[in-house]
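Enquirer: If you want the building blocks of each chain, they are given just below.
Protein chains: 2
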Amino acid sequence: MALVVQKFGGTSVANAERIGEVADHVARCRRRGDDVVLVVSAMGKETDELLRLADEVSTTQPGREMDLLITAGERKACALVAMALNDAGVPSASFTGSQAGFITDANHRNAKILEINPYRVREAIDAGMVPIVAGSQGVSTEKDVTFLGRGGSDTTAVALASVLDADACELYTDVSGVFTTDPRVVSTARKMPQISFDELLEMTAVGCPKPAMRSVEVARTYRVPLHVRSAFTWEPGTWVVEEDPDMEQAVVSAVVPDTSEAKVTVSGVPDEPGIAAGLFRALAEAGVNVDMIVQNVSIDHGVTDISFTCPKGDAATATSITESRFAEHECTVITDDSIGRVSLVGAGMKSNPGVAATMFETLAEASINIEMISTSAIRISCAVRADDVDRATQVLHDAFDLG
Amino acid sequence: MALVVQKFGGTSVANAERIGEVADHVARCRRRGDDVVLVVSAMGKETDELLRLADEVSTTQPGREMDLLITAGERKACALVAMALNDAGVPSASFTGSQAGFITDANHRNAKILEINPYRVREAIDAGMVPIVAGSQGVSTEKDVTFLGRGGSDTTAVALASVLDADACELYTDVSGVFTTDPRVVSTARKMPQISFDELLEMTAVGCPKPAMRSVEVARTYRVPLHVRSAFTWEPGTWVVEEDPDMEQAVVSAVVPDTSEAKVTVSGVPDEPGIAAGLFRALAEAGVNVDMIVQNVSIDHGVTDISFTCPKGDAATATSITESRFAEHECTVITDDSIGRVSLVGAGMKSNPGVAATMFETLAEASINIEMISTSAIRISCAVRADDVDRATQVLHDAFDLG
Chain A
0 MALVVQKFGG TSVANAERIG EVADHVARCR RRGDDVVLVV SAMGKETDEL LRLADEVSTT
60 QPGREMDLLI TAGERKACAL VAMALNDAGV PSASFTGSQA GFITDANHRN AKILEINPYR
120 VREAIDAGMV PIVAGSQGVS TEKDVTFLGR GGSDTTAVAL ASVLDADACE LYTDVSGVFT
180 TDPRVVSTAR KMPQISFDEL LEMTAVGCPK PAMRSVEVAR TYRVPLHVRS AFTWEPGTWV
240 VEEDPDMEQA VVSAVVPDTS EAKVTVSGVP DEPGIAAGLF RALAEAGVNV DMIVQNVSID
300 HGVTDISFTC PKGDAATATS ITESRFAEHE CTVITDDSIG RVSLVGAGMK SNPGVAATMF
360 ETLAEASINI EMISTSAIRI SCAVRADDVD RATQVLHDAF DLG
Chain Z
0 MALVVQKFGG TSVANAERIG EVADHVARCR RRGDDVVLVV SAMGKETDEL LRLADEVSTT
60 QPGREMDLLI TAGERKACAL VAMALNDAGV PSASFTGSQA GFITDANHRN AKILEINPYR
120 VREAIDAGMV PIVAGSQGVS TEKDVTFLGR GGSDTTAVAL ASVLDADACE LYTDVSGVFT
180 TDPRVVSTAR KMPQISFDEL LEMTAVGCPK PAMRSVEVAR TYRVPLHVRS AFTWEPGTWV
240 VEEDPDMEQA VVSAVVPDTS EAKVTVSGVP DEPGIAAGLF RALAEAGVNV DMIVQNVSID
300 HGVTDISFTC PKGDAATATS ITESRFAEHE CTVITDDSIG RVSLVGAGMK SNPGVAATMF
360 ETLAEASINI EMISTSAIRI SCAVRADDVD RATQVLHDAF DLG
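Chains A and Z are the protein sequences, given in the same order.
Numbering that gives the first Met the number 0 numbers the first residue of the first sequence as 0 and each following residue consecutively.
Numbering that gives the first Met the number 0 numbers the first residue of the second sequence as 0 and each following residue consecutively.
To be clear, the hints were calculated from the coordinates, so they are not data collected in a lab.
The structure displayed is predicted, hence computed values, not measured ones.
Any given hint could turn out to be false.
Copies of the same chain look alike in the list, so a pair counts if it fits in one copy or across any two.
[Claimed, not checked] Within a straight-line C-alpha distance of at most 25 Å, the following computed SDA-like cross-link-like pairs (lysine to any residue) qualify:
no., residue 1, residue 2
1, LYS142, VAL89
2, LYS142, ASP86
3, LYS209, ASN14
4, LYS209, ARG189
5, LYS111, ARG222
6, LYS142, GLY100
7, LYS142, PRO90
8, LYS190, ARG219
9, LYS190, SER139
Produce the entire structure from the sequences given, and follow the hints as far as they go.
Expert: Spelled out as structure tokens, the structure:
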């Protein structure tokens, strides 16, 4: 008898019919003899709808109030799923973030979990019930309602699976697993039966939208076996597991396209120690999530160029911080919204130095210009024109025989 | 400097524009020097919408889950009003029922307040802020979320005004006060500048929809000065006050029409002690809210007739309980959905015995048949055909010169 934490995303509980299917699925799992704990997100597009309401009434949008507003969505879904399960003959009980024991910091809109005291959830399991926990929420050390951020329900599920010592955490979503690339871009994209934590973490860091990166970090740290799968087909999805040293590693596992970032370039920066540090400290303090950073080598004149990418939504802030930072120098700051990125991810890359060369050659043959490069042990990312991202993804997927 | 608790109903916070007007009004009150505490209901028809969702997913609808679902509505409204106030330059903070210290029993869907520990609300007032409390909710002794029932936001406001020792409790709604009768039925209906707690309590008990009867009971018990007024015109409404022995009392203050009840009649009941008691105990245990009761005098044969009214929604339950109760006797149970009621309410009635006679004569002259009669010290109610209720209201309003 296994204990499984199952997380259902917004599309999986979007309406009464879908909620009924979730209830049927949970009833089947129980008949197989498994103990189940559910984590649910807000229904469909409800979080977007709540944010739209907030935009209508307020420009200041204090974080404490935003969190009370947004978390109402998960509470609704949680109550409705609990009712549907009850109707399906499965004894169940809903738990808000606070009731499930999620204590967070007071960093509203993006709170971090400090500790989890899930004694009510455990009591419910022991009583033969299915606990249903509202995703992405908790109560702060100040006793206020907190929201863990977009995609936070994945984090709730993984953290709960860890603290309950669950046998697996299943993330049910609107895709049927993790693919070798975006199937909307490349028709030969293939669902991977398994992937390592490290690979998935790199993929989510460079634009793979699901599951949420934070949840993969938590799963990797606490070694929670993850299963990413579909709530529409119910077929087996992708298992995310520890890297097996004996398993034959694909050199490249996946190609990840991304067009969510913008590039900011500042030219004519004095080539002095501490200049870059000062800029990126200021950006970090403003909450700008800087991703790729490239600083060109200063050849002469004692000046250099710095380029970085960040989410498009942060680009205006990043640009004005950069401009004011270098206001007293003769620098030029240019923002580029038409940047894109394509990344190769694969655990086997570590021992295969030829991957980068093949990647650059493949892009060159397709006449795609590389504007920035960044690498990790198991990833190579190239910034290219946004218009070239789909084609770059296609040729790389073919070049590494991922189909 | 007064402390005022202001409650805003669903229509008063139905959309961003209305929420903005509430914020402007509160800002004005603050500039006048008053301390303000807000209580808000769910936006517009949101509670109905949540109930519809529950109907879609569940027929069992466990109370604990229903309460988690429904209370999400008030939390949303609360957060949005807090944001709007912040934008209007008024420092404010939202409080859920639990955060505001509302401890209730565990009677889900219709919980009763056991105690209120509003220390966070007091701290906010002392810090110069406007606390905004989510209406109609609390936390049970079992640490679960509870809902105080429809109209519960009025009760939240009055109870909070009492425990904070506020100078007044203002109930802002979509009517501009308490009227001598329903203005939709009688065009000469007049807004009363004041009314006694006893009179308003009688009126709400026989169908006057606003404010909620429970809130009037609490206000009457704790002597909280109530002001029923409009969030659309902002004009002075009706003050609900203690009866002033010197104040010249109108014999009849108001005519209250009502078509929300059904009548159940059981004929051929054995005329034995305990028969009626057994029936009404069984109805009470099933949660049927019985209102008027008439038992005809038994003339011969040792049998009698019992008629009672109850909300139309309870009629089916009441009928089946009555039928099973008398299954072994030769009784006939008849349910009548076309019953209506018209009531006269007035503190001066106590010392004016002619009111009943005038009422019956007036109805007789209009050829309206009286089917049941019930009275209290300051009220007379007559059950009539539902089709006759509007005409009965009109002729009685004229007969007692209330226009």
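Enquirer: For LYS142 vs GLY100, is the C-alpha pair at or below 25 Å within one copy, between two copies, both, or neither?
Expert: both (12 Å within a copy, 12 Å between copies)
Enquirer: Pop the pair LYS142 and PRO90 into one bin, within, between, both or neither, using alpha-carbon distances up to 25 Å.
Expert: between (30 Å within a copy, 19 Å between copies)
Enquirer: Give the relationship of LYS142 and VAL89 under a CA distance limit of 25 Å: within one copy only, between copies only, both, or neither.
Expert: between (32 Å within a copy, 22 Å between copies)
Enquirer: Is the C-alpha distance from LYS209 to ASN14 at most 25 Å within one copy, between copies, in both cases, or in neither?
Expert: within (21 Å within a copy, 34 Å between copies)
Enquirer: Please work out whether the CA atoms of LYS142 and ASP86 approach to 25 Å or closer within one copy, between two copies, in both situations, or in neither?
Expert: So LYS142 and ASP86 pass the 25 Å test across copies only (24 Å; inside, 34 Å).
Enquirer: Should LYS190 paired with ARG219 be assigned to within, between, both, or neither, using CA atoms and 25 Å as the limit?
Expert: within (21 Å within a copy, 68 Å between copies)
Enquirer: Should LYS190 paired with SER139 be assigned to within, between, both, or neither, using CA atoms and 25 Å as the limit?
Expert: neither (39 Å within a copy, 48 Å between copies)
Enquirer: Which holds for LYS209 with ARG189 at a C-alpha limit of 25 Å: within a copy, between copies, both or neither?
Expert: within (16 Å within a copy, 62 Å between copies)
Enquirer: Could you place LYS111 and ARG222 in one of the four classes (within, between, both, neither) given a Cα distance threshold of 25 Å?
Expert: For LYS111 and ARG222, the Cα distance is within 25 Å only inside one copy (19 Å; across copies 46 Å).
Violation of the numbered hints given earlier is confined to hint 9; every other hint is satisfied by the structure.
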